[in-house]
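Asks: Could you build all of it, start to finish, from the sequences and the hints given here?
Here's the letter readout for the chains.
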Amino acid sequence: MSLEQCGIPTIAVHTHVFARLARATAISNGMPRTRQVFVPQPLVGQTPDQLRAYIEGTDPVSKRPFIQEMIEGLTRPLDQEDLKGAGLDRSTPRLLEPDSEENLHELFMRSHWTDFLPVVLPTEERVERMLKGTRIARDKIIGKLRPTAFREFWEFDVEKVAVNAVMAGARPEYLPVILAMSASGVTARSSSTTSFATISVVNGPIRDEIEMNSGIGALGPYNHANTTIGRAFGLLSQNLQGGSVPGETYMGSLGNGLAYTCCFPEAEERSPWSPFHVDNGFKKTDSTVSVFFGGWYTQSGCGPRDSWQAKFIRCLTAAEHYQQPLIVMDPIAARGFDELGYSKQKLIEWCAQNAWLPARDYWDDQWINTLVHPHGVAGVEPYASRLKAKPDELVQLYTPEDIKIVVTGGGTQGIYKMFGGRYAGRGPGTFNKENPTVNIDAWR
Amino acid sequence: MSNFVKVHDPRGYPPKVVGKRLAPRLESLDGKIIYLVDCLFDNSDAFMEQLRLWFAAHLPKVVTRKISPRESWVDDPGMRAKIAAEGNAAILGVGL
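Chains H and A, in that order, are what the protein sequence lines are. Per numbering that gives the first Met the number 0: the first sequence = residues 0 to 443. Per numbering that gives the first Met the number 0: the second sequence = residues 0 to 95.
Hint data in this document are derived by calculation from the structure and do not stem from the laboratory. Remember, it's a predicted structure, so these values are computed and weren't measured experimentally. There's no promise every hint is true.
Below 30 Å or equal to it, Euclidean Cα-Cα: the simulated BS3-like pairs (lysine-lysine) are [said to hold, decoys possible]: (1) Lys-62/H <-> Lys-65/A; (2) Lys-65/A <-> Lys-31/A; (3) Lys-62/H <-> Lys-15/A; (4) Lys-282/H <-> Lys-416/H; (5) Lys-5/A <-> Lys-15/A; (6) Lys-81/A <-> Lys-387/H; (7) Lys-131/H <-> Lys-5/A; (8) Lys-345/H <-> Lys-387/H; (9) Lys-143/H <-> Lys-5/A; (10) Lys-15/A <-> Lys-139/H; (11) Lys-143/H <-> Lys-15/A; (12) Lys-31/A <-> Lys-62/H; (13) Lys-310/H <-> Lys-345/H; (14) Lys-19/A <-> Lys-81/A; (15) Lys-65/A <-> Lys-389/H; (16) Lys-15/A <-> Lys-387/H; (17) Lys-283/H <-> Lys-416/H; (18) Lys-139/H <-> Lys-65/A; (19) Lys-60/A <-> Lys-81/A; (20) Lys-60/A <-> Lys-62/H; (21) Lys-143/H <-> Lys-19/A; (22) Lys-345/H <-> Lys-283/H; (23) Lys-19/A <-> Lys-65/A; (24) Lys-131/H <-> Lys-143/H.
Replies: What follows is the structure in structure tokens.
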């Protein structure tokens with residue numbers, strides 16, 4: 000659409016499953032008559048002959064020949080509707096029309112404002128009580144979110160976050176954590192086809208102040224604060240970014256159970272290592288929340304047993320290597336590694352130095368091709384070296400900076416899990432290293 | 000009415016949508032330069048190559064040039080400026 004603004008007639012080719020999303024994006028950009036043409040899904044994995052058949056075939060949306068649609072999109076004279084453009088008032092009210100609780104629950108569900116579990120209706124009284132959890136002015140604009148890199152940002156203030164916190168069942172004393180998450184710049188409702196979620200880790204004194212659980216069942220569902228804070232992050236993300244509606248603002252093919260809620264504190268007192276937030280420049284007495292984007296793949300194991308190195312290599316190389324691993328360890332496993340002489344940093348470096356794949360396998364990945372390949376072509380290291388490697392040559396999957404370790408759990412088993420968990424700022428493919436650890440104390 | 004409750008709208012604040020005009024269309028593609036923009040999604044380069052071959056075979060008077068942005072899903076002002084300066088039309092794909 001930027002090219003149209005430069006005077007260049009343009010047509011965009013999409014696969015047909017994105018038709019609603021493509022049209023919604025055109026409307027929100029003030030150009031609803033943007034020319035679009037569609038080919039069947041999938042595009043990935045199709046041979047040149049199959050792609051040629053798409054081009055010589057029928058647009059599955061308009062049911063007209065693809066080529067005819069494309070050429071007409073560039074040559075058919077504009078009509079009055081095209082010349083108008085379309086401004087749009089989408090302002091949202093502060094309060095909804097009064098109604099019965101039953102009807103309002105139905106409205107919230109049908110409007111895709113819930114996660115399809117029951118919510119607490121955000122009455123004025125409940126929102127007032129929630130706002131007592133912070134001294135920040137209710138009308139202060141505190142952030143902006145969007146479902147993915149090419150969509151528009153929506154803004155929000157403290158009150159809007161409080162509304163969603165009420166809906167999630169959170170308590171006022173949790174609000175500073177939820178506000179900090181909202182300000183991280185990371186959405187918990189990415190529209191990516193890969194069905195990402197977020198994993199949020201809380202550090203510092205607030206963990207005990209609000210009685211979070213870093214013991215048995217820390218990852219859920221066994222604690223009110225852990226559960227409702229994580230759920231609030233999901234609800235506020237979908238509602239404050241302009242939606243998370245399948246086919247329009249959500250395209251995750253499989254969905255993700257972690258998107259309901261995934262928030263837990265680090266077991267700092269039972270870890271042999273420094274807390275995560277201290278590793279990232281905060282004081283031990285600071286309260287922070289760190290947001291990891293991913294939650295897609297999961298590997299797991301017990302350890303460290305005699306064969307831990309082989310097991311780790313299998314896990315690290317089996318992981319979807321476009322997304323960096325977040326290793327979550329029970330304190331027993333962490334102490335085991337510590338007793339073997341591995342500090343946290345030493346273990347991270349070992350992981351980075353021992354996770355390799357043949358270049359052929361490394362590059363034969365949809366997201367590595369889409370997101371990383373352009374960096375390799377542009378000469379950005381380490382991707383350029385990986386691109387130069389011969390097919391059988393081994394390439395290193397991660398740098399030490401990619402890999403993070405957090406300790407939590409109840410000590411009933413020496414276990415660990417590896418999640419896809421990118422510790423970086425907004426935007427897939429941007430390699431933005433903006434730090435997504437937020438100081439909660441600033442939001443009290 | 001006595002059982003009615005008043006609740007907050009949970010949605011954020013959308014940006015204002017300002018209507019924008021499409022660019023004037025071309026009378027004909029003959030002799031024109033069309034940029035085929037590979038959006039870097041997996042296999043879109045192969046699709047654009049097939050589109051280039053189709054033009055070469057069926058509309059040989061159209062000049063096609065393949066181009067791609069520096070990163071996936073990120074605006075590339077340099078690429079946009081090049082197309083605006085040197086091209087007559089653009090076909091983008093296949094990204095979404």
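Asks: Next, verify each hint and record whether it holds.
Replies: How the hints compare with the structure:
{"no.": "1", "hint": "Lys-62/H <-> Lys-65/A", "result": "holds, 27 Å"}
{"no.": "2", "hint": "Lys-65/A <-> Lys-31/A", "result": "holds, 14 Å"}
{"no.": "3", "hint": "Lys-62/H <-> Lys-15/A", "result": "violated, 34 Å"}
{"no.": "4", "hint": "Lys-282/H <-> Lys-416/H", "result": "holds, 27 Å"}
{"no.": "5", "hint": "Lys-5/A <-> Lys-15/A", "result": "holds, 27 Å"}
{"no.": "6", "hint": "Lys-81/A <-> Lys-387/H", "result": "holds, 28 Å"}
{"no.": "7", "hint": "Lys-131/H <-> Lys-5/A", "result": "holds, 20 Å"}
{"no.": "8", "hint": "Lys-345/H <-> Lys-387/H", "result": "holds, 29 Å"}
{"no.": "9", "hint": "Lys-143/H <-> Lys-5/A", "result": "holds, 26 Å"}
{"no.": "10", "hint": "Lys-15/A <-> Lys-139/H", "result": "holds, 19 Å"}
{"no.": "11", "hint": "Lys-143/H <-> Lys-15/A", "result": "holds, 14 Å"}
{"no.": "12", "hint": "Lys-31/A <-> Lys-62/H", "result": "holds, 27 Å"}
{"no.": "13", "hint": "Lys-310/H <-> Lys-345/H", "result": "holds, 17 Å"}
{"no.": "14", "hint": "Lys-19/A <-> Lys-81/A", "result": "holds, 22 Å"}
{"no.": "15", "hint": "Lys-65/A <-> Lys-389/H", "result": "holds, 26 Å"}
{"no.": "16", "hint": "Lys-15/A <-> Lys-387/H", "result": "violated, 46 Å"}
{"no.": "17", "hint": "Lys-283/H <-> Lys-416/H", "result": "holds, 25 Å"}
{"no.": "18", "hint": "Lys-139/H <-> Lys-65/A", "result": "violated, 46 Å"}
{"no.": "19", "hint": "Lys-60/A <-> Lys-81/A", "result": "holds, 21 Å"}
{"no.": "20", "hint": "Lys-60/A <-> Lys-62/H", "result": "holds, 27 Å"}
{"no.": "21", "hint": "Lys-143/H <-> Lys-19/A", "result": "holds, 23 Å"}
{"no.": "22", "hint": "Lys-345/H <-> Lys-283/H", "result": "holds, 21 Å"}
{"no.": "23", "hint": "Lys-19/A <-> Lys-65/A", "result": "holds, 27 Å"}
{"no.": "24", "hint": "Lys-131/H <-> Lys-143/H", "result": "holds, 23 Å"}
Checked against the numbered hints given earlier, the structure breaks hints 3, 16 and 18 and satisfies all the rest.
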